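Undergrad: Below, each chain spelled out in residue letters.
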Amino acid sequence: MSMFEAIDAAGSGSSLAQTMLDAISDNIANAETIRPSGQQPYRAKLVVASAREGTAGVSVAGITERGGNPPMEYDPTNPMADANGYVTHAQVDMTEEMSNLILAQRLYQANASVANTASASYQAGLQIGVK
Amino acid sequence: MSAPIAPVSSALNADPISSIDGIGGLSQPAPANGLGNFSDLLQKLSSYEVDANNKAEQLATGKLTNIHDYTVAAAKATLAIELTTALRNKAVEAYQEIMRMQV
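From first to last, the protein sequence lines stand for chains U and R.
No gaps in the numbering here: position 124 of the first sequence is 123 in numbering that gives the first Met the number 0, and each next residue is one more.
No gaps in the numbering here: position 67 of the second sequence is 66 in numbering that gives the first Met the number 0, and each next residue is one more.
Derived by calculation from the structure, the hints in this document are not laboratory data.
Owing to the predicted nature of the structure, the values given are computational and were not obtained by experimental measurement.
Virtual Cβ for every residue (Gly too), placed ideally from N, Cα, C.
Check each hint, because a few of them may be wrong.
Stated by the list, open to error - To spell it out: a stretch of chain R is covered by chain U in this simulated footprint if at least three of its residues, at any positions, have a beta carbon under 8 Å from a beta carbon of chain U; those stretches are:
id: 1; segment: 48-57
id: 2; segment: 81-94
Stated by the list, open to error - Listing some non-contacts, in silico: residues in chain U with all C-beta distances to chain R over 12 Å:
id: 3; residue: D21
id: 4; residue: E52
id: 5; residue: M71
id: 6; residue: P75
id: 7; residue: L102
id: 8; residue: A117
id: 9; residue: S118
As the list claims (entries may be wrong) - The list that follows gives simulated cross-link-like pairs (lysine to aspartate or glutamate, EDC-like), each with its CA atoms no further than 16 Å apart:
id: 10; chain 1: R; residue 1: K43; chain 2: U; residue 2: D7
id: 11; chain 1: R; residue 1: K62; chain 2: R; residue 2: D50
id: 12; chain 1: U; residue 1: K44; chain 2: U; residue 2: D21
id: 13; chain 1: U; residue 1: K130; chain 2: R; residue 2: E96
id: 14; chain 1: R; residue 1: K43; chain 2: U; residue 2: E4
id: 15; chain 1: U; residue 1: K44; chain 2: U; residue 2: D92
id: 16; chain 1: R; residue 1: K43; chain 2: R; residue 2: E81
id: 17; chain 1: U; residue 1: K44; chain 2: U; residue 2: D7
id: 18; chain 1: U; residue 1: K44; chain 2: U; residue 2: D25
id: 19; chain 1: U; residue 1: K44; chain 2: U; residue 2: E4
id: 20; chain 1: U; residue 1: K44; chain 2: U; residue 2: E72
id: 21; chain 1: U; residue 1: K130; chain 2: R; residue 2: E92
Working from the sequences, and respecting the hints, build out all of it.
TA: Shown next, in the form of structure tokens:
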């Protein structure tokens with residue numbers, strides 16, 4: 000156990016929340032990205048978190064992509080349409096991304112609050128016995 | 000006639016003062032927790048300060064991607080310095096208390 004483990008754990012939680020914010024902003028920015036028919040469509044990025052071994056806190060285990068079938072739209076005049084005239088949109092659900100955005104924001108704020116409170120608590124501890 | 004005063008026995012016959020055993024060398028107590036002994040503690044506290052300076056430099060040159068890394072390191076460095084100050088104050092106070100003892 001390190002000396003200021005609460006602050007370390009809160010810092011790792013903030014890093015995770017920042018990675019989530021990066022992924023969500025990437026998804027929302029690419030919500031209208033249409034790729035040519037031969038390529039994989041843009042799939043929303045999901046951040047996988049895992050608890051750290053041996054010490055408190057969390058770490059980013061990896062970034063996966065959402066599976067499933069992206070929405071297709073019939074638009075034969077589009078230069079990116081395939082042989083049947085269908086255009087493949089990005090696999091991004093805007094409502095889910097917005098709710099994840101609020102979640103990531105609250106996570107970041109909560110971790111910053113934990114770091115602040117822990118720091119204030121330690122300072123109160125240092126005042127014990129001071130005349 | 001008063002009894003003759005007994006002769007004072009020679010002081011040389013007195014038991015010599017046996018030498019006082021010196022205080023044994025203070026051995027380092029086994030560390031009770033993972034922190035180690037006192038010099039290890041001071042090393043660790045100063046390492047927090049060094050870490051905060053490095054993070055500040057990285058932030059200033061734009062290499063630091065996580066802002067909260069710097070603020071967390073700065074908070075730990077502040078706590079480490081306050082802890083070192085408290086340790087020094089207690090040690091000085093204890094020394095002065097002992098020096099005040101009337102011998």
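Undergrad: Indicate, hint by hint, whether the structure satisfies it.
TA: Hint check results:
1. Counting residues of the segment 48-57 of chain R whose beta-carbon sits less than 8 Å from any beta-carbon of chain U gives 0, not enough to reach three: the coverage restraint is violated.
2. Coverage of the segment 81-94 of chain R by chain U holds in this model, with 5 residues showing a Cβ closer than 8 Å to a Cβ of that chain against a need of three.
3. With a least beta-carbon separation of about 9 Å from chain R, D21/U fails to lie farther than 12 Å from that chain, contradicting its non-interface assignment.
4. The Cβ of E52/U sits about 17 Å from the closest Cβ of chain R, beyond the 12 Å cut-off, so the non-interface label holds.
5. With a least beta-carbon separation of about 37 Å from chain R, M71/U lies farther than 12 Å from that chain, consistent with its non-interface assignment.
6. At roughly 44 Å from the closest C-beta of chain R, the C-beta of P75/U stays outside 12 Å, upholding its exclusion from the interface.
7. The claim that L102/U lies off the interface holds: its Cβ sits roughly 18 Å from the closest Cβ of chain R, which is beyond the 12 Å cut-off.
8. Once the 12 Å rule is applied to beta carbons, A117/U is inconsistent with being away from chain R; the minimum gap is 8 Å.
9. Its beta-carbon lying about 5 Å from the closest one in chain R, S118/U breaks the requirement of being farther than 12 Å from that chain.
10. Of the supplied pair hints, the one linking K43/R and D7/U holds, its CA atoms being roughly 15 Å apart against a limit of 16 Å.
11. Only pairs whose Cα atoms come within 16 Å are accepted, and K62/R paired with D50/R is accepted, the gap being roughly 15 Å.
12. This hinted pair checks out: K44/U and D21/U have alpha carbons roughly 10 Å apart, not beyond 16 Å.
13. A C-alpha spacing of about 14 Å is found between K130/U and E96/R, which places the hinted pair at or below 16 Å, so the restraint holds.
14. For the proposed pair K43/R and E4/U, the alpha carbon gap of about 14 Å is at most 16 Å, so the pair holds.
15. With a C-alpha separation of about 11 Å, the suggested pairing of K44/U with D92/U holds against the 16 Å cut-off.
16. Pair hint K43/R plus E81/R holds up; C-alpha atoms about 14 Å apart against a cutoff of 16 Å.
17. Taken as a hint, the K44/U and D7/U pair is broken in the structure, with Cα atoms around 26 Å apart against an allowance of 16 Å.
18. At roughly 8 Å between alpha-carbon atoms, K44/U and D25/U fall within 16 Å of each other, so this suggested pair holds.
19. Taking the CA atoms of K44/U and E4/U, the gap is near 30 Å; set against the 16 Å cutoff, the hint is violated.
20. Taking the CA atoms of K44/U and E72/U, the gap is near 22 Å; set against the 16 Å cutoff, the hint is violated.
21. The straight-line distance between the Cα atoms of K130/U and E92/R is roughly 11 Å, inside the 16 Å bound, and the hint therefore holds.
Checked against the numbered hints above, the structure violates hints 1, 3, 8, 9, 17, 19, 20; every other hint is satisfied.
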